[in-house]
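*Asks:* Listed here are the chains, written in short residue letters.
2 protein chains.
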Amino acid sequence: MADQPSIEFWFDFPSTYSYPAAMRVDERAQSVGIRVIWRAFLLGPIFAKQGWNTSPFNIYPSKGRYMWRDMERICAREGLPFVQPPGFPQNGLLAGRIACAFSDEPWVPTFARAVFTAQFADGQNIADKEILAACLTEAGQDPEHAFEQATTPEAKDLMRARTARAEDLGLFGAPSFLVGREVFWGYDRLDWALQFALDRA
Amino acid sequence: MADQPSIEFWFDFPSTYSYPAAMRVDERAQSVGIRVIWRAFLLGPIFAKQGWNTSPFNIYPSKGRYMWRDMERICAREGLPFVQPPGFPQNGLLAGRIACAFSDEPWVPTFARAVFTAQFADGQNIADKEILAACLTEAGQDPEHAFEQATTPEAKDLMRARTARAEDLGLFGAPSFLVGREVFWGYDRLDWALQFALDRA
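Those protein sequence lines, which keep their order, are chains A and B. Just so you know, we're using the working numbering here: the first sequence kicks off at 540 and counts up by one. Just so you know, we're using the working numbering here: the second sequence kicks off at 540 and counts up by one.
Each hint should be verified, as a subset may be incorrect.
For identical chains, the list gives no copy identity; a pair is met inside one copy or between any two copies.
Claimed, not checked - For lysine-lysine, the following BS3-like pairs were computed, each having C-alpha atoms within a straight-line distance of at most 30 Å: (1) Lys602 with Lys695; (2) Lys668 with Lys588; (3) Lys668 with Lys695.
Just so you know, these hints were derived from the structure itself, not from any lab.
Given the sequences, and given the hints that come with them, work out the whole structure.
*Replies:* So this is what it looks like as structure tokens:
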């Protein structure tokens, strides 16, 4: 097991293209014997340094229109339900802090998929603690404990460090897949990233 | 032949990702019985309306670094030579006007591939008329005649109209593939676009 090849899956909860990636990354990777390391981070601070105060999909309308149509196509192809959530981008800070604070816990992928499903399949607001509580329950966790652990000063620092690490790695969008120092950006690069991980194993 | 399915291939000569797309689009499409309509346009005026006076790959350095590395990987995978051209983005106006003025001539794809090869395989400057003359000769054309026809007021208007049409279609990057009114953006969406064209045929 020590030598099992792995990829890091860097995602941000409000990110549309992170949704199909999150729903499929584990099964695709497992089918070729690759382990997935889930890494929640925040695009907001990275966008802010580029002078953007919202998603580029809002700033550049033609890009935004394309993305919404493209998401419909991708989700149809993947057999995933898809709705445009109320408000975009949503505030994914608390969800991200939870996924970050409990990073290597085996339930994080289940929690993360529940959050993405709530947002992009059920059109719910993931800043709402009740919604997140249901996602935590689905992952077998006690919501109050998770909220508490995810909002300590240490947990907040961890999220800041995680996002700084994303920046150091040169990440500028989500999802991104990391294989060694090699970055693959975008849902549609998942298979390339897996192939790259196999080739270097 | 009237009912042969087709895709429109929208490209801009200075665009890096347009290079592998231009080199492969005809063979991939032909292998599945699809006709390709080549459509040169200018991203510059579209970028300018978004407040960009150069390529976003220059404005956003992490995105630029990723793109150059990604181009190396794509070209290695496609078996295409690749060098970073001297200066980016290059001035592709004259090359674009030629491809636009002679739009439906059968030699345009050959000319376009020669221009992309000069720029991204041989590292030449495609604003240089001597370089373009060699590309025209390779496509069996008289360079002086082509330069003349491509710089008439009518040819300039044609290029403006082409770029306005790209904007109307919602294009915001290159390459883009158009199937009916459906847009697929990016080199890595070529196969999706072809599949979409087959499905609706």
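*Asks:* Can you give me the call for Lys602 and Lys695, within, between, both or neither, at a CA distance of at most 30 Å?
*Replies:* between (32 Å within a copy, 27 Å between copies)
*Asks:* At most 30 Å between C-alpha atoms: does Lys668 with Lys588 qualify within a copy, between copies, both, or neither?
*Replies:* Within one copy only: 28 Å inside, 40 Å across.
*Asks:* 30 Å Cα cut-off: does Lys668 pair with Lys695 within a copy, between copies, both or neither?
*Replies:* within (17 Å within a copy, 58 Å between copies)
No hint from the list above goes unmet by this structure.
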